[in-house]
Amino acid sequence: MAKTRRPPRIGDAPVFRNTMIAVVLALVALIIIAPLAVIGYEAFSKGIAYFGKTIANSDTRHAILMTAMTALIAVPINTAFGVAAAWAITKFDFPGRRLLLIVIEIPFSVSPIVAGVAYLFVYGLQGLFGEALQSADVKILFALPGIVLASMFVTAPFVARELIPLMQAQGRDLEEAATSLGASGWRTFFFVTLPNIKWALLYGVILCNSRVMGEFGAVSVVSGNIRGQTNTLPLHIELLYHDYNAVGAFAAASILAALAVVTLIAKVALERRGAGRVRRPSLAGTAPDISETTP
Amino acid sequence: MARRILPGLPLTLGITLVYVAIIVVLPLGALIFKAASLGPEDYWRIVSSERAVASYRITILCALAATLFNLVFGLALAWVIVRYRFPGRRFVDALVDLPFALPTAVAGIALTTLFASNGWFGAPLAAIGIKVAYTPLGIIIAMAFTSLPFIVRTVQPVLEELDPALEEAGQTLGASDMEIFLRVILPQLAPALLAGLSLSFARSLGEFGAIIFIAGNQPFETEITALLAFIRLEEYDYPASAAIASVMLIAAFTMLAVTNLLQARALRYTVKG
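Residue numbers (my numbering), protein chains in the order written: chain A, 1 to 295; chain B, 1001 to 1273.
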């Protein structure tokens, strides 16, 4: 008699099992690892010194700066919004809550190109506020503010969607106890709510940051792509690539690829602490794991 | 009933509504307004032009093919991660999210370099007569890459929660493994699988960054709808751009409704008690 505690489940036959693992691992290597490897390979194909020189190029440095500045503005605003939205939606009952949730999640479903085009029709010369902005000499499109706004659109749901299911599951009892004992709203938030949501919050912030820094489609519409002026890192990569400067493009891309790897590591570490696990229990019934930079 | 104890509703709801209004509703409203101001005749002429229709066909067909590939590969990937224990399993699990974490432009140039006729994959494929870069096949690969995590991540939790007793019941009743997979396991996975498929398909319809590098972008052959909207902008043909973008927006809302419906169904089957 075999000493197994339970009968083998289907697909556990060794031949099938090993074939499945081998085939899947091979495909993972080809489809997921190879693109990552080729970035590193191409970036360093002319040696480390050349890589350093490319990164130090003033246009590349400026693009890195633009990307960092965009993230420095967009991510904190987005985080504040996400926390506020999660507080309002999970701590109170008001009519239209479901609708609000759906509207917050809309940017996940909208193509970044559509988002960019839409912003053009608000702030562009042919848009709603175009003429007013021009006569007031305020530049939004083809400048940093436009890039920040478009980035805020594509990442609007990132922080809120991590917090809402979690805060929903945690209920209101603790906060109600704190306020009924006399704590102010802020005190309740910082000393009662925040400790319970800090990992999920950080998780949302990291994913939001990664998406802001990597956004291409929406930003390419609103930035106007002026070299050394309104180029973010992803746009700069495209520019270098089309200039037949493959090494430069891949060197710049390797920075974003490294950021992606760091994001993944942080994600795994935070998931061990329980972040990213509670997903949309019932409230809106929308998308589970849409984000993770992408769309 | 609303017995409010907690403070902060006016502040937080105020911030939320202002942000949503300025960042999400205003631009989408402006786009719809712009498209609507075209008048039905002009609008129809633009969105039904030969080049636009060709772009819809290419986008939809490639998205279908990519989603189909992800159905098979994503299911196999989720199966292997959940059902088997092997060295590197957690690493593979973490890697699944790479396509979401990698910026689309970066993925685009990486895939193009791999599949170009002198690339790591492109060269051997060219030797057997398969051209990937600058063909619809390239579009399919870019779409499949960027939307792969959806299916894995929707199916994985359901696969983890499957009750082994049901499979055992099938075994004791004499069903073959294939029969059990098709008639016991697959039906339980179906709602999650459908939800994942619709997410993957929707993402592929809207994808831009990863595709434009590898697609070749020939009108009528390898030009996706998102690119056409972009090209019309660069030609300063704003009404055409608005009209085409509005078609994409309608498609996105339709997919959002479908996904929500499927997700609600999936939840009904998976959330216990």
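Keep in mind that the hints are not guaranteed to be accurate.
Not everything, but these chain A residues come out facing chain B in the computed CB check (under 10 Å) [to be verified]: (1) I55; (2) L100; (3) L120.
Partner residues aside, some chain A positions facing chain B, computed with beta carbon under 10 Å [claimed, not checked]: (4) P112; (5) E175; (6) E176.
Rough simulated footprint, nothing fancy, chain B against chain A, three-plus residues with beta-carbon under 8 Å [said to hold, decoys possible]: (7) 209–216; (8) 262–270.
Hint data in this document are derived by calculation from the structure and do not stem from the laboratory.
Quantities reported herein were computed from a predicted structural model and do not represent experimental measurements.
Yeah, the Cβ is synthetic: ideal placement off N, Cα and C, and Gly gets one too.
Checklist entry - Does the structure break any of the earlier hints, and which numbers would those be? => result Per hint list: single violation, 1.
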